[in-house]
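Chemist: If you read the protein sequences in the order shown, they are chains C, L, D and Z.
For what it's worth, the working numbering labels the leading residue of the first sequence as 1, then goes sequentially.
For what it's worth, the working numbering labels the leading residue of the second sequence as 1001, then goes sequentially.
For what it's worth, the working numbering labels the leading residue of the third sequence as 2001, then goes sequentially.
For what it's worth, the working numbering labels the leading residue of the fourth sequence as 3001, then goes sequentially.
The set of hints was computed from the structure by calculation and includes no laboratory data.
Be aware that a few hints might be false.
Derived SDA-like pairs: lysine to any residue, alpha-carbon spacing no greater than 20 Å straight-line [unchecked claim]:
#	chain 1	residue 1	chain 2	residue 2
1	D	K2511	D	D2058
2	C	K99	Z	G3597
3	Z	K3365	Z	T3545
4	Z	K3162	D	K2493
5	D	K2391	D	R2465
6	C	K95	L	V1091
7	Z	K3365	Z	R3445
8	D	K2391	Z	G3023
9	Z	K3365	Z	P3455
10	C	K35	L	F1063
11	D	K2493	Z	N3065
12	Z	K3162	D	K2511
Quantities reported herein were computed from a predicted structural model and do not represent experimental measurements.
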Amino acid sequence: MSAIAATATSSGEAVQFWILGTVAVIGALATILMKKAVHSALSLAGTMIILAVFYLANGAYFLGVVQVIVYTGAIMMLFLFVVMLVGVTAADSLKETIKGQRWLALLCGLGFGILLFAGIGHAGLGHFNGLGRINSAGHVEGLAQLIFTKYVFAFEITGALLITAAVGAMVLTHRERTERAATQRELAERRVREGVQLPPLPAPGVYARHNAVDVPGLLPDGTPSELTVSGTLRSRGQIRDVSGEALDDLKALEQRSAERLGREEASK
Amino acid sequence: MNPVNYLYLAALLFTIGATGVLIRKNAIVLFMCVELMLNACNLAFVAFSRMHGNLDGQIIAFFTMVVAAAEVVVGLAIIVSLFRTRHSASVDDASLMKL
Amino acid sequence: MDFPLLTVTAAVPAVGAILTAAVPAARRTAAKWLALLFSLATLALAVLIAVRFEPGGDRYQLTESRSWIADFGVRYELGVDGIGVVLIGLTALLIPFVIAAGWHDADPLETSSKRWRPTQGFFALILMVEAMVIISFEATDVFLFYIFFEAMLIPMYFLIGGFGDRAHAGSDENAAAQRSYAAVKFLLYNLVGGLIMLAAVIGLYVVAGNFSLQEITAARAAGTLDMATNTERLLFLGFFFAFAVKAPLWPLHTWLPNAMGESTAPVAVLITAVVDKVGTFAMLRFCLGLFPDASKWATPVILVLALISIVYGALVAVGQRDIKRLVAYASISHFGFIILGIFAMTSQGQSGATLYMVNHGLSTAALMLVAGFLISRRGSRLIADYGGVQKVAPVLAGTFLIGGLATLSLPGLAPFVSEFLVLVGTFARYPVVGIIATIGIVLAALYTLVLYQRTMTGPVKEEVRTMPDLRLREVLVVAPLIALLIGLGVYPKVLTDIVNPAVEHTMSDVKQTDPKPEVAVEAKNGEEAK
Amino acid sequence: MENLIALLIAAPLFGAVVLLCGGRRLDKTGHWIGTLLAAVSFGIGVVLFADMLGRSADERTLTQNLYTWIPVEGFQADMAFQLDQLSMTFVLLISGVGTLIHVYSIGYMEHDERRRRFFGYLNLFVAAMLLLVLADNYLLLYFGWEGVGLASYLLIGFWQHKPSAATAAKKAFLVNRVGDMGLSIAIMLMFTTFGTFAFTPVFGAVGETSEGMLTAIGLMLLLAACGKSAQVPLQSWLGDAMEGPTPVSALIHAATMVTAGVYLIVRSAAVFNAAPDAQLVVTVVGAVTLLFGAIVGCAKDDIKKALAGSTMSQIGYMILAAGLGPIGYVFAIMHLVTHGFFKAGLFLGAGSVMHGMNDEVDMRKYGALRTYMPVTFVTFGLGYLAIIGFPGLSGFFSKDMIIEAAFAKGGTEGWILGGVTLLGAGITAFYMTRVMLLTFFGEKRWQPDADGHEPHPHESPKSMTIPMVILAFGSVFAGAFFEIGERFLKWLEPVTGYSHGNPPVSAMTVTAATMVMLLVGVGIAWAMYGRRPVPVVAPRGSLLTRAARRDLYQDDFNHVVLVRGGEHLTRSLVYVDHSLVDGVVNGTAASVGGLSGRLRKLQNGYARSYAVSMFGGTAILIAATLLMRAV
């Protein structure tokens, strides 16, 4: 506790800083450089946990815990959930499509970083008061006192913000059915009218060796019908094409039948 | 070690996050980079809190987290609905601002 | 301040514009008559202004003053001096002719849809322009003036771009492209001028603290408002640039031939005879009144530019193949004379310039409207497509000739008086300039007579053989203009009596007196009592 | 009485307005209205003349101030008239000859469907010309000056369907405009010098300004006179002006309008008297034109153009006389009046000949007409005798006085000018004899016209011959009438002044020399055209003849230098306007457009691209802030 108040930190904290700091930077770099979103998310989660540790080291115990629970626990999971929803395997092409974008971005980033460093260095922040005196009356109590007195309006407003965000997320993702669902008869009539696909869609696995959801049904000519596979799988590109196999099987079947029939003919 | 180093670290992380926003095309990763920047800011706030010897910095960091949570919720909802309509999470596909 | 005569005079055409625009599509003729009626009502009001104006009285009369934007000292201030009265009269006088001459110019083509209402729009826009021009002549608040000076561009833009001359060379698409080019060019030139002026208007506010022309002029004259020399010059240039574009002065003139060539003849008259006059009028009222020292400073350059305008405009006019463009370049030459007269800084020059504005309006209107009648008959603007019209349509040719003679300032027709006054006024102070400007009268004869010879005389061309002579409506349009040209040429006193006192005020603004003759001659006999 | 002055002008003006605006319903009566109103003007002129004779010499000037025409601070032009002896002379000449020619035109223009309009123009001319001579100030004179120019333009181009007529009309107006420039500059000079341009005050103040200024004014007035009176170098329009109907040539381009220049110089006598340099130039111009016109007149085969050359030459005499100063003013005017008679008569005679010859103008296709047109022959012959200065006829007196006056100028100048006038008299005799011989003597050389019609020469109707007879009467007796008892001199002297000069030789000697020159001229002409048959097609001729046929190449010079040069100038200016002046603007527009096209590419629609800009901008802002702090 007392070390926090000093200008220099304890050597333990220093060691912790240099090691974990390095890891955090590596995590951050991995976040922006990994091809797959899942990897990025995991790297970010790592960085966040390290940050939580730093919060603790800086005397922000409450924040440290919240960081782990809320950020790493909830928010990052939300990210992962969305990543899964969108397609976990779809690797993000790192190929740049906008001319000069990457170089400009790096240049800007570098310049910005240098500026920040220069600013911090220039500010001449040497003396740290430490939180010893403040935290002495109880850390969480201290926070609570501030939140419910000085920052009470901000706090209330953030509450409203959260509710709004929740409602907003629901509104954005929810699709209200605005009309009566079409009956089977109507669907059938529409098919006839449009003349695209007269019979009902083949069930998954029809004419197939596999009976899995990711295997498309085969049309009478043996080509796979992608319509028979769930849209999510389709967009993830996770359709297993078995038509070749099926055709081979069919051919083999015909061969066998022919052989048998031939034999029967021969036996006549 | 001088605790100022935390600030340097925060600056570094912020810069990395910002650069990430600029070079990644996947909206989700992009969002993660924004989160990284927010976290870097939080670290700075916490360090400032220690520097000044009061809890205001931590309160601000706390608010930042709350706002970040709200933002993530809305942002991800947008990404999901975008994905539904465009079947892609790439921000470059939404170049609708072009004349 | 009893009856707000000036406001009403400007408001009547504006109301007329709105009402005309609201006439249903099918009642086309009603819209025309409505527009004509309102323009005549405006003319009556303008006459009333002239009657109630006392030439010997205050400088600005019939004044109105209301607070408008108090925070910036912008007031709704109106007032007319003799120059304003005369120009309001000109505007109000010409608009009925413009409307009558353009009676069929905006009739919808048979192919266009029934709900299309170009006629209503055309006449409403003309009235709108009239309202704005009139209020520009009345405004004594710089900001108020600026607003209408600029707002005028909007209806003019649509008049040029939307209602082109149906007689054109080439395809419809080509003509439409030409027309929109002309309209955009008009708009851009004038907008650039206007923006520079806006900067100067703001600058003036910063320096003077208000926008009132009367107050600033008075303060300038009394010496209570000092401007740094450079500030004054910059502000002057800002104002002058806008007016020089509008006037137009060489080398800012090239929008005029396009605009006049592509628009219908009545709109061309509107541009050159009415709208452009705001530019020269404003030079006289604002440039000289607000920035007397800078005006004197800039005089040499402006005189040279005006001289170039005179000679150059006339020479280029000679080389034109398009009737309307020829008239446009002739107008550029004439605007050179007007500007010359204004900046000669003599009472003869300035009186002459003011008269010139009126007379040029009348003469160009006569010439251009007859040219429009001619063009509408043959469907071509090219001089080479005509020949021998005199034999087929003598009245048309006769009126055309009179319009042309007015353009070349034949004595007995009004423009002579003004042109000679300008020349004398210029000569009195700058003899060399005066002599060079005199070349303009030879060149004017050249382009007018060449035009007349090529179109009206010679063997009758096959396409012209069946050309009808002027119809009653057209005669009714041209005859009063010619009568006015002759009347004002023989008895210009009606105008000079109103204009002279105002010119004296302007002369005292710039602290200039006429050069004294070398030998003072005793006034001859007792006729001097005027 | 002075209130009648305005009526002089108003009558023909009224006629012009009525005839030109009256429309078709006046077609039947129009020419009578026109003639009547011209006659009314003449009548008023006679009444005023009688009244003027009744008063003593120094009370003869009448003035009438109608109203102030142009009142501007420091500048006043009055609509005011002044009728003195000089003006009176002109009024009578203009309205008198004018009326005669109106009468003549009734017959001459009988078959023209636009006769009413013709009379309207004629009336307009008479009104403008009267205004010119009655004005009491230079600006009003300028009004009339341009007014006659307009009438001349309209009448030369009366047969506008002929491109040559339209071109000639335009040319006449333009060349005159150059002269008018001189007049307007002269007025401006007067205004800046004297503050006024009314005759009386200007002439009164002449002594108070420098001679240089007066010389400038004089030269500018001379330029004006050159334009109107077809003097070198502005003479080129007169020959072409013969495209107009013959009565027009007679009235405007022989008797009245072209003499306006002489009037102007004599009217401005006070200015010229005080500016000897200007006077010298005037005499030189007169002398040059005298010879120029005479030489041109010798070579032309077109009867009207030959007469036009003669007109030029005779006006040269007048200008020369006017340039001599007080010695010559009176004689200039006297010659002007007699010339008005005989030249109008000659033109009317020429018109009569053309009338009978299917409008043929080439003298080489005339011949032997004296028996077919006796009246024309006699009147034309009398005019001929008058112009060559046959003793006793009017030309003899007036021209002789000018020659004497030229010698009386004194010094070398006097000898040179006298010599030129003598030479001119000889050439006049030559070319007029040539005209006479080609037209009325020799054998028939008639040719069928373009449509194949043989000409059937016949005497013209009464309406045409009567004016010719009256004019012939004038050409015979006017000179003697003026000269006996020096009536004309006494009449005009109060206005123009007179000095006898110092003639180095006696008047008798001069007269004798003139007679010799006359005989030589007639003799040569007889030798060339009388004795031998005349070829119908003109021979190539000597260098001088060819040059004279082409107006001594002056027109070619004008064409090459002024017309072609002007065309090139305008064409290149049109190009400049389009490419350079407009090009700069369009170029600016194009470059702005191009630049924005480039800049637009930055707006590629990718959010990330915008983010880079934002980020970079932020960085720059921070840097700027830090720098500002640091500084």
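Chemist: Does the structure break any of the earlier hints, and which numbers would those be?
Modeler: Hint check: 4, 10 and 12 fail, others pass.
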